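**Student:** The task is simple: from the sequences and hints, build the whole structure.
Listed here are the chains, written in short residue letters.
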Amino acid sequence: MTLAAPATVTLRVLLFARYAELLGHDTLAITLPAPATVGDVVRSVRSERGGDALPPRVLAAVNLVQASDATALADGDEVALLPPLAGG
Amino acid sequence: MTLAAPATVTLRVLLFARYAELLGHDTLAITLPAPATVGDVVRSVRSERGGDALPPRVLAAVNLVQASDATALADGDEVALLPPLAGG
Amino acid sequence: MRDRVRLVSRPIDTAALAAEVVAPGRGGVVTFLGLVRDHHAGRQVIRLEYSAYAPMAEGELARIVGETEARWPVAVAVEHRLGELAIGDAAVAVVAAAAHRGDAFEACRHVIEEIKRRVPIWKREYYADGTVGWVDPTAAPDQAAAPR
Amino acid sequence: MRDRVRLVSRPIDTAALAAEVVAPGRGGVVTFLGLVRDHHAGRQVIRLEYSAYAPMAEGELARIVGETEARWPVAVAVEHRLGELAIGDAAVAVVAAAAHRGDAFEACRHVIEEIKRRVPIWKREYYADGTVGWVDPTAAPDQAAAPR
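Heads up: the sequence lines are chains A, B, C and D, in that order. 35 is the number that numbering that gives the first Met the number 0 gives to position 36 of the first sequence; each next residue is one higher, with no gaps. 19 is the number that numbering that gives the first Met the number 0 gives to position 20 of the second sequence; each next residue is one higher, with no gaps. 141 is the number that numbering that gives the first Met the number 0 gives to position 142 of the third sequence; each next residue is one higher, with no gaps. 90 is the number that numbering that gives the first Met the number 0 gives to position 91 of the fourth sequence; each next residue is one higher, with no gaps.
If you are wondering where the hints come from, they were derived from the structure by calculation, not from laboratory data. It is possible that part of the hints are untrue.
[As the list claims (entries may be wrong)] Ranges of calculated distance between the beta carbons of each label pair, as one might list FRET restraints: (1) G41(D) <-> D88(C): 22 to 32 Å; (2) Q65(B) <-> G65(C): 21 to 31 Å; (3) A73(B) <-> I86(C): 46 to 56 Å.
[Stated by the list, open to error] Among chain C residues calculated to face chain A with C-beta under 8 Å, some are: (4) I120; (5) W121; (6) Y125.
[As the list claims (entries may be wrong)] Below are the DMTMM-like pairs computed for lysine to aspartate or glutamate, each with C-alpha atoms no more than 25 Å apart in a straight line: (7) K115(C) <-> E105(C); (8) K115(C) <-> E48(C); (9) K115(C) <-> E20(A); (10) K115(D) <-> D12(C); (11) K115(C) <-> E83(C); (12) K115(C) <-> D88(C); (13) K115(C) <-> D25(A); (14) K115(D) <-> E20(B); (15) K115(C) <-> D68(A); (16) K115(D) <-> E19(D); (17) K115(D) <-> D135(D); (18) K115(D) <-> D102(D); (19) K115(D) <-> E66(D); (20) K115(D) <-> D74(B); (21) K115(C) <-> D2(C); (22) K115(C) <-> E66(D); (23) K115(D) <-> E68(D); (24) K115(D) <-> D25(B); (25) K115(D) <-> E105(D); (26) K115(D) <-> D37(D); (27) K115(D) <-> D88(D); (28) K115(D) <-> E105(C); (29) K115(D) <-> D12(D); (30) K115(D) <-> E48(D); (31) K115(D) <-> D68(B); (32) K115(C) <-> D37(C); (33) K115(D) <-> E83(D); (34) K115(C) <-> E68(C); (35) K115(D) <-> E57(D); (36) K115(C) <-> D102(D); (37) K115(C) <-> E77(A); (38) K115(C) <-> D102(C); (39) K115(C) <-> E57(C); (40) K115(C) <-> E66(C).
Model, not experiment: these values are computed from the prediction. All residues carry an ideal CB built from backbone N, CA and C; glycine is no exception.
**Tutor:** Written out as C-alpha cells, the structure is:
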C-alpha cells in the first residue's frame, strides 16, 4: 500500500536580527502547497505585513545548513532567513 | 697642526654563547695595526686558544650594528662576534 | 571538537582559551582578537549587541574548525561573545597552535575569515546620536561597515 | 617606541602586552607566542636558557618595530624573555593591533620573522640525556633546530 504525499507542508520559519524587526516576529508557521522550496517560503514571507522590505536576495538555512532558493522542503522543516552576516 | 693617525687600534671584542665557551672568555682586548677591519679581528680571534673552532663565516657587529668583514674599525670600537641567532 | 568552539555571554578569557590548544609539541601560538570599535562608517558607536542563530552558529564554527584542522597541522579554539558589549570588549577570539608558526598564522587567519563569511551572527550598533543600526557588511560603502 | 620593546627576565604577560597597543580604533589584534618546546631535532629538551647581546638586541627589536609600524598602519609591542625557561613557557610575544585585521596579521608575522633573522639572542638547550647544546638554526638538518 502506498501513502499519497501530503498535499501541503507546514514549515517553522525563523527570522533574525533586522528581518525579525521588519516582520515584527521571530517565528512564523507557514503552510504551503507541496512540493515547496525555500524560494516559495521567501515569497510567502514577502507577502506578510512588513515583508516587502526584505532585500531582493535573502540568505536561508534549512535545518541549520545553508540552502538555496531551489532547496526542496519537507513537512516540519525549520527554515531560517538570515540577514547579512556580521560576526567576528 | 695635524695629528698623525695612531699606528694601532685597540678594540673591545665581545664573545657570546658558543663562541664565549670556545674561547673561554666573553671579552677580549685586541690591539691591531691600523687600518684594521672586522676581518682582521676575526683572524686575530681565530689565533687565540680555542679560536680555531670558530666556523668559516662569523657574523659580527660593530658598536651594536651588524657589520661585514670589510667594515673599518676605529680605536675603541666594540666588536661583537655573534654565533648563529636563535631568538624567537 | 565542539568543546573548543563556544558562543559565550561573558567576557572572553584569551589565556584560558589558549590553554585549551597549547601542548608541548606546539610551540607557535597565534591569537586573533576582534574588539568592539568606537566608530563605524563615520559614526560614533557607544555599545553594541551581538545575536546569533545559536545552534547553526555553533555547528558552523565547529565545521570551520574541523576543516581548518584537516588542512593544517594545528589545534584551534574559538569563542564568540553574544549579548551586549562595550567599546574595547573582545567579540571574538581565535587561537591556533602548531609546531610551525607559519601553519598557526595561516590557520588562524583562515578561521576568522570563514567566521565572517559563514557564521550566522548579527551586530546591532548603538550610536552616539541615539540611533541604532544593524551592521551590513554587504551594503554600499556609504552605509557599510568599515572593513576590518 | 623603546617602551613597547623589552627583554625581560620574568614570565611574559600577554594580556598586559596587548593592553599597550589596543585602542578604540584598533579592532583587530594578532598575537604570536613562541613557547619552549619539549623536543628539538629528535632529542628531548627538559629546559633551556636564552641569552642576548642585550643593548644590540633591544636596538634591533626597536628598529624592527619601527620599520613595521612605518610599513603597516599598526601598533606593535614585543617582549622576549631571557634566562632559564621551562617547557611551555613563552619565550617571545609579539602583539600587533590595527584597524584592519589583515594588517595586524601581516605585521605580526613580519616582526617574528625579523626577530629570528636579526636579533642577537641565543638558546642553550638541556637534554634529557644530560647533554647541553647551543641551538643553531643554520646547521645541517641532522643537527639543526627543527623549523618552527
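**Student:** Each hint needs a verdict: does it hold in this structure or not?
**Tutor:** Hints, one by one, checked against the model:
no.	hint	result
1	G41(D) <-> D88(C): 22 to 32 Å	violated, 45 Å
2	Q65(B) <-> G65(C): 21 to 31 Å	violated, 45 Å
3	A73(B) <-> I86(C): 46 to 56 Å	holds, 54 Å
4	I120	holds, 3 Å
5	W121	holds, 4 Å
6	Y125	violated, 14 Å
7	K115(C) <-> E105(C)	holds, 16 Å
8	K115(C) <-> E48(C)	holds, 16 Å
9	K115(C) <-> E20(A)	holds, 22 Å
10	K115(D) <-> D12(C)	violated, 29 Å
11	K115(C) <-> E83(C)	holds, 19 Å
12	K115(C) <-> D88(C)	holds, 18 Å
13	K115(C) <-> D25(A)	holds, 23 Å
14	K115(D) <-> E20(B)	holds, 22 Å
15	K115(C) <-> D68(A)	holds, 22 Å
16	K115(D) <-> E19(D)	holds, 23 Å
17	K115(D) <-> D135(D)	holds, 12 Å
18	K115(D) <-> D102(D)	holds, 20 Å
19	K115(D) <-> E66(D)	holds, 15 Å
20	K115(D) <-> D74(B)	violated, 31 Å
21	K115(C) <-> D2(C)	holds, 21 Å
22	K115(C) <-> E66(D)	violated, 30 Å
23	K115(D) <-> E68(D)	holds, 18 Å
24	K115(D) <-> D25(B)	holds, 23 Å
25	K115(D) <-> E105(D)	holds, 16 Å
26	K115(D) <-> D37(D)	holds, 19 Å
27	K115(D) <-> D88(D)	holds, 18 Å
28	K115(D) <-> E105(C)	holds, 19 Å
29	K115(D) <-> D12(D)	holds, 21 Å
30	K115(D) <-> E48(D)	holds, 16 Å
31	K115(D) <-> D68(B)	holds, 22 Å
32	K115(C) <-> D37(C)	holds, 19 Å
33	K115(D) <-> E83(D)	holds, 19 Å
34	K115(C) <-> E68(C)	holds, 18 Å
35	K115(D) <-> E57(D)	holds, 14 Å
36	K115(C) <-> D102(D)	holds, 17 Å
37	K115(C) <-> E77(A)	holds, 23 Å
38	K115(C) <-> D102(C)	holds, 20 Å
39	K115(C) <-> E57(C)	holds, 14 Å
40	K115(C) <-> E66(C)	holds, 15 Å
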